[in-house]
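Asker: Sequence:
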Amino acid sequence: MSIEATQVTRFFGSAPAVQRLSLSAPAGAITGLVGPNGAGKTTLLLMLAALLRPDTGAIKVAGLDPVTQPRQVHQAVGWMPDAFGTWDSLTCTEILLTFAAAQGLDDVTARERTADMLALVHLEDMARTPARVLSRGQKQRLGLARALVHSPQVLLLDEPAAGMDPRSRADLRGILRDLAGQGATVLVSSHVLGELEEMVDGVVFMSRGRAVVPPGAGPANDAATASGQDAGDSVAETGAGTAAVGGVVPVRPTPLHTTWRMRALSPERLAAWVRAGAPPGAVVDPGGSVHLEVPDDAAAARILRLAVEDGVEVVSFAPVTGALEAAYLAMEEERA
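Quick note: the sequence shown, position 241, residue 241 per the UniProt record's numbering, numbers continuous.
Heads up, a few of these hints could be off.
Dumping the calculated SDA-like pairs for lysine to any residue here, alpha-carbon to alpha-carbon at most 20 Å [as the list claims (entries may be wrong)]:
1) Lys60 x Ala27
2) Lys60 x Gln72
3) Lys60 x Thr93
4) Lys60 x Thr42
5) Lys60 x Ala162
6) Lys60 x Gln19
7) Lys60 x Gly183
8) Lys60 x Gln7
9) Lys60 x Gln153
10) Lys60 x Arg20
11) Lys60 x His74
12) Lys60 x Glu4
13) Lys60 x Thr9
14) Lys60 x Pro70
15) Lys60 x Ser2
16) Lys60 x Thr6
17) Lys60 x Ala29
18) Lys60 x Arg71
19) Lys60 x Gln75
20) Lys60 x Pro26
Label-pair ranges, simulated between beta-carbon atoms [what the hints assert, rightly or not]:
21) Gly104 x Arg302: 43 to 49 Å
22) Pro70 x Leu304: 44 to 50 Å
23) Val67 x Thr98: 23 to 29 Å
24) Glu325 x Ala102: 50 to 56 Å
25) Pro286 x Ala102: 56 to 62 Å
Note that these hints are calculated values from the structure, not bench results.
Since the structure is predicted, the reported quantities are computational estimates derived from the model, not experimental observations.
C-beta: ideal position from N, C-alpha, C; glycine also.
Based on the sequences and whatever the hints tell you, model everything.
Answerer: Written out as structure tokens, the structure reads:
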């Protein structure tokens, strides 16, 4: 089930936090929400989670309306705020059982899910530990377990990796990737761009309450850029099949991991392979590595298999990092 927001606006007093913003995040993918402080990311997530009403516009989450069906949205959504408040006197198990009961799980299912979620976030040894003794990172892991205890279809996370150690962050990436692989819709906001880049399939950039197209976003957004549209007049969508809505040219999230770098035991053999035309469009850099555009993981697997079959002894083949930060800084510079 996807997330869809159309021309959504929310004011706090006379100040607009979100302005005519439209986006669509599909099931089976992790979509990142990127922007500076005050861009409206948390406000948007709260509206999607049926915890804050939009002033105007329409929202659908897993086919449900957060304004008219808040209870059903709460059951369909797993919400993880940037700071997870706990009842300090309750144990980790008691906290999860309380939330499971609030979601309508029967006692047997609630206990099974609680045990499973504590194991998933590596807190099973602290099941009977009061929340007051947990570290910030442990509370974040407990918050993730709480968001997942009722098996939600949609997961909304606001700065989920804050306070987590490197191992926990790696576990978080794996958990979210598994959930997306099972068909869940995952929307995650984070300021840690390097971490987010390793986690998401594509990103929606926000600035001043609007979704914006970063410079050089690619052909998918050329029409929106040429029309001079901003977030309020655009639809940001992850996935194929984007079409104009009400005469508005959609803005699609910037895909990540499209530029990959290959290194080989013999740079000369690698360069010869590229000169032979496989794969098309590859560029050899001065250091002997090859950079090439790769649309998805399946294409990456095919290219790697082709290289090995052609006798190239590949040492490494991975996405070039830093693209998300570069796009973010370019966006901020353009809008300064």
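Asker: Now tell me if each hint is right for this structure.
Answerer: Outcome of the hint check:
1. At roughly 13 Å between alpha-carbon atoms, Lys60 and Ala27 fall within 20 Å of each other, so this suggested pair holds.
2. Distance restraint check for Lys60 and Gln72: the Cα-Cα separation of roughly 12 Å lies within the 20 Å cut-off, and the hinted pair is therefore satisfied.
3. Straight-line distance between C-alpha atoms of Lys60 and Thr93 comes to about 32 Å, which puts the hinted pair past the 20 Å bound.
4. Only pairs whose Cα atoms come within 20 Å are accepted, and Lys60 paired with Thr42 is accepted, the gap being roughly 17 Å.
5. Under the criterion of a C-alpha separation no larger than 20 Å, the hint pairing Lys60 with Ala162 is inconsistent with the structure, at around 28 Å.
6. This hinted pair checks out: Lys60 and Gln19 have alpha carbons roughly 17 Å apart, not beyond 20 Å.
7. Taken as a hint, the Lys60 and Gly183 pair is honoured in the structure, with Cα atoms around 17 Å apart against an allowance of 20 Å.
8. The straight-line distance between the Cα atoms of Lys60 and Gln7 is roughly 12 Å, inside the 20 Å bound, and the hint therefore holds.
9. Restraint check for Lys60 and Gln153: satisfied, since their Cα atoms lie roughly 13 Å apart, inside the 20 Å limit.
10. In summary, the hint linking Lys60 to Arg20 is supported, as the alpha carbons are separated by about 15 Å, within the 20 Å threshold.
11. For the hint pairing Lys60 with His74, the CA-to-CA distance comes to about 13 Å; that is within 20 Å, so the pair holds.
12. A hinted pair counts as satisfied when its Cα atoms are at most 20 Å apart, and Lys60 with Glu4 qualifies at roughly 5 Å.
13. Between Lys60 and Thr9, the direct Cα distance comes to roughly 14 Å. Compliance with the 20 Å bound is thereby established for this hinted pair.
14. Under the criterion of a C-alpha separation no larger than 20 Å, the hint pairing Lys60 with Pro70 is consistent with the structure, at around 11 Å.
15. Only pairs whose Cα atoms come within 20 Å are accepted, and Lys60 paired with Ser2 is accepted, the gap being roughly 8 Å.
16. This hinted pair checks out: Lys60 and Thr6 have alpha carbons roughly 9 Å apart, not beyond 20 Å.
17. Our distance criterion of 20 Å between C-alpha atoms is met by Lys60 and Ala29, whose separation comes to about 17 Å.
18. As the CA atoms of Lys60 and Arg71 are separated by approximately 14 Å, the hinted pair is consistent with the 20 Å bound.
19. Note on Lys60 and Gln75: the hinted pairing holds, with a Cα-Cα distance of about 14 Å set against a maximum of 20 Å.
20. In summary, the hint linking Lys60 to Pro26 is supported, as the alpha carbons are separated by about 12 Å, within the 20 Å threshold.
21. About 45 Å separates the C-beta atoms of Gly104 and Arg302, a value consistent with the hinted range of 43 to 49 Å.
22. Distance hint for Pro70 and Leu304: a CB-CB separation of about 47 Å, consistent with the stated range 44 to 50 Å.
23. Range check, Val67 to Thr98: about 26 Å between beta-carbon atoms, so the 23 to 29 Å window is met.
24. Distance hint check for Glu325 and Ala102: the Cβ-Cβ separation is about 39 Å, which falls outside the suggested range of 50 to 56 Å.
25. The hint said 56 to 62 Å for the Cβ distance between Pro286 and Ala102, and at roughly 60 Å that hint holds.
The earlier numbered hints that this structure contradicts are 3, 5, 24.
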